[in-house]
Every structure is written in structure tokens, then in C-alpha cells.
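Given the structure of chain X, go ahead and fit chain U onto it with the hints provided.
Protein chains: 2
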Amino acid sequence: MKQKIMDISIHLFDKKGFTETSIQEIVDELGVTKGTFYYYFKNKQELLTNIHLNFIEYLLERQQEILNDDSKDSREKLRSMILMVISSIKHRKKSARIFFREMRNLENQYLDQNIQKRDQFRKNLQTLVEEGIEKGEFQNHLSPDMITRGILGMTNWSYYWYNPDGEVSEEELTSVYLEMILHGIDKKA
Amino acid sequence: MKQKIMDISIHLFDKKGFTETSIQEIVDELGVTKGTFYYYFKNKQELLTNIHLNFIEYLLERQQEILNDDSKDSREKLRSMILMVISSIKHRKKSARIFFREMRNLENQYLDQNIQKRDQFRKNLQTLVEEGIEKGEFQNHLSPDMITRGILGMTNWSYYWYNPDGEVSEEELTSVYLEMILHGIDKKA
Chain X
1 MKQKIMDISI HLFDKKGFTE TSIQEIVDEL GVTKGTFYYY FKNKQELLTN IHLNFIEYLL
61 ERQQEILNDD SKDSREKLRS MILMVISSIK HRKKSARIFF REMRNLENQY LDQNIQKRDQ
121 FRKNLQTLVE EGIEKGEFQN HLSPDMITRG ILGMTNWSYY WYNPDGEVSE EELTSVYLEM
181 ILHGIDKKA
Chain U
1 MKQKIMDISI HLFDKKGFTE TSIQEIVDEL GVTKGTFYYY FKNKQELLTN IHLNFIEYLL
61 ERQQEILNDD SKDSREKLRS MILMVISSIK HRKKSARIFF REMRNLENQY LDQNIQKRDQ
121 FRKNLQTLVE EGIEKGEFQN HLSPDMITRG ILGMTNWSYY WYNPDGEVSE EELTSVYLEM
181 ILHGIDKKA
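As given, the protein sequences belong to chains X and U, one line each in that order.
Residue numbers 1 to 189, in full-length UniProt numbering, belong to the letters of the first sequence in order.
Residue numbers 1 to 189, in full-length UniProt numbering, belong to the letters of the second sequence in order.
The set of hints was computed from the structure by calculation and includes no laboratory data.
Since the model is a prediction, treat every value here as computed from it, not as a measurement.
Mixed in with the good hints, there may be bad ones.
Repeated chains share a single entry, so a pair holds when one copy, or any two copies, can fit it.
[To be verified] Below, in silico cross-link-like pairs of lysine-lysine (DSS-like), each with a Cα-Cα straight-line distance of 27 Å or less:
#: 1; residue 1: 123; residue 2: 188
#: 2; residue 1: 135; residue 2: 34
#: 3; residue 1: 117; residue 2: 93
#: 4; residue 1: 15; residue 2: 42
#: 5; residue 1: 93; residue 2: 16
#: 6; residue 1: 187; residue 2: 123
#: 7; residue 1: 117; residue 2: 187
Just chain X, same shape as in the assembly (with noise of 0.2 Å):
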């Protein structure tokens, strides 16, 4: 009931807004009573938090994942990260677009909770970075906390344009970001 319950406000909120979404909506919608939604959450508020969290800790483990494989080379493993964000867009588009839309309507309690588990996933991404430069495979000239913020600007831009079930495949459009930010696209002479 409590991913019932999630899955229904993430698309009222994306749909009316968060402000002009109320309870009473949500529990209409889904035919139980109020008393239900507050078994599971506080108050909207709440919710929103859920909401987000639950989209963020699914990115953080599987990047945690990425991170732990030994198999793989920092080249290897920032394709995997692309590939994860990119192909997380079909299925989350939405609960991504309302965090960023409302998150002015959360208070800061709630707030730093995702704030927090953000920066934790652009500090995951800067660590491979700097393992790739402590490495020898990337460049060390270049800043990896800058480096690390243009590739999750990449990366998350997608989430305003990218269609997953149009004519780019979500591995081809890895493939190019990655060749960006591994090689550039400047012609050598």
C-alpha cells in the first residue's frame, strides 16, 4: 500500500503540482481512507521526501555497485554509471521531475534528507574520478570535483529530453557521452 500510495501521488504531482494535490485526492483515488495514508506517512510533506528518497537510495546502490566491482577498469565503471542514470529515465522520469519541481515546497527537515543522499551520489561519482587520475587512466590536470559536476550535468540533462523509447538506444546515447567525456570531440590534427 505504501508504493501504492507513492505511485499514485508521483503522478497527481506531476499532473497538478504538489500544493494543489490534496489527501483527499490521493485516497479518493486509490479508495481507501485518510486514516490509511497516515498509517504510512505524517503528512505530504512526508511523502514528497518518500518519494524522492526512494529514487535516490535505488540510483546509490547500484552505484555503490559499480563502484565495488573489481572487474572493471574506471573507464568501465563510468560507463556503467552512465548507462544506469540514463536507463533509471523510463521508469523514473517522473518522481525525478517532481523532486526538482517542488522541492522549494519542502521544509528543510525533509529537505536535507535528500540533499544529503544527492551529494551522496556526485561524491560517489567524484571518487571514481579521482581513482581514475590516482590510476593513471584520466587526465590530471583538470578538476575532478568540475569534471565530476559536467558529467552529472550530462547525464542528468537527460531527464529533460531524452525519450527512451524513441530512436536512440539508451546504450547508444551512453556510448557518445562517454566518448565525449573520454576523448572530446576536438579533431586532432
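Just chain U now, kept in the frame of chain X:
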């Protein structure tokens, strides 16, 4: 007065949200009457549209100047465009943020105008990428469309995190991004 209404609305929409801000609050804040508001804008929708058009048209004009500058090669033009976007953050952060968050609230007729301009911005950047490929300055084995979206992602994402008053200058960030985009982070053997 039109600009003043837009400025105060950017501030209020960013703080309270578009839906939650009334025309009455906007005019109260300025000490004018509702009549003054309606002299310039048909409704809040038109105001929100104007706020964003104002922002995107400024970027489009500057972008066109860069494209037309025959003294620069494609790499230099790319640097100028990246710097332009990053430099716009300082003064335009709020209006960009409002747009992404509130576009859901725009009716189609208003939304279309904005989307058309945004597409134009992407297409101009793609023109630059394609010119670079034609002239043999950029690699020709990667999709210009995806390269363009990758560059846009890196630069546009900075709206979420970059602090123009922080330690990293706009020029510095531009240099790291340009270096990444042109030459990549891979350390060649």
C-alpha cells in the same frame, strides 16, 4: 514599469511559487493598482511567458553574435557560448529556475512560444557543432544532435549548483568544460 513588474514577480514566484502568488500581491508590492498590471499583461500566464522570453531572447541575441563572428574558429565560438551561459547565471538564475519549475502552469499557447525559442537556442549550438565538423575541426563520428545535448546539459546544469560569487570564476569553469568537451578526460597511453 513593465520591467519592474517582471522583476518583482520573479522574486515572488521564486519565493512563494507561481500559483501561490496573486496579481494583488504583485501590485501591492509595487504600490500600484491592478489596472497598471493589466495595461502591460493580459494575465499571470502572459507575465510568466514574458519573464522567460525576456531571458531566452537575450541569450539568443548574444548567441547569434557569436555565430556570426568570422574572426573566431569553432573552438573559440564554443568557448564563447559556454562562457555566455555560465555568465548569465549571476543575473538570471531566478528567472531560469522559475521557468523550469512553473512551465507546467503555462497554457499551450504560452508554452509553445517558450519552447520554440529554447529549441532555437539548441539548434544554434548544433549549427556551430556541425560547422566545426564540416571544417574538420571537430570529430565526425559522433551525432551532432547528441553532442549538442551533452554540451547543453553540462552548461545548463550549472544553473543548479554554480555560485558565481564562489571560489571558481566563470572563466575557470568555462575552461574546464571546454577542455573536457574538446579533449576529454582520458589519459592516452
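Each hint tested on the structure:
no.: 1; hint: 123 <-> 188; result: between (32 Å within a copy, 25 Å between copies)
no.: 2; hint: 135 <-> 34; result: neither (55 Å within a copy, 65 Å between copies)
no.: 3; hint: 117 <-> 93; result: both (18 Å within a copy, 24 Å between copies)
no.: 4; hint: 15 <-> 42; result: both (23 Å within a copy, 25 Å between copies)
no.: 5; hint: 93 <-> 16; result: both (16 Å within a copy, 25 Å between copies)
no.: 6; hint: 187 <-> 123; result: between (32 Å within a copy, 22 Å between copies)
no.: 7; hint: 117 <-> 187; result: neither (39 Å within a copy, 31 Å between copies)
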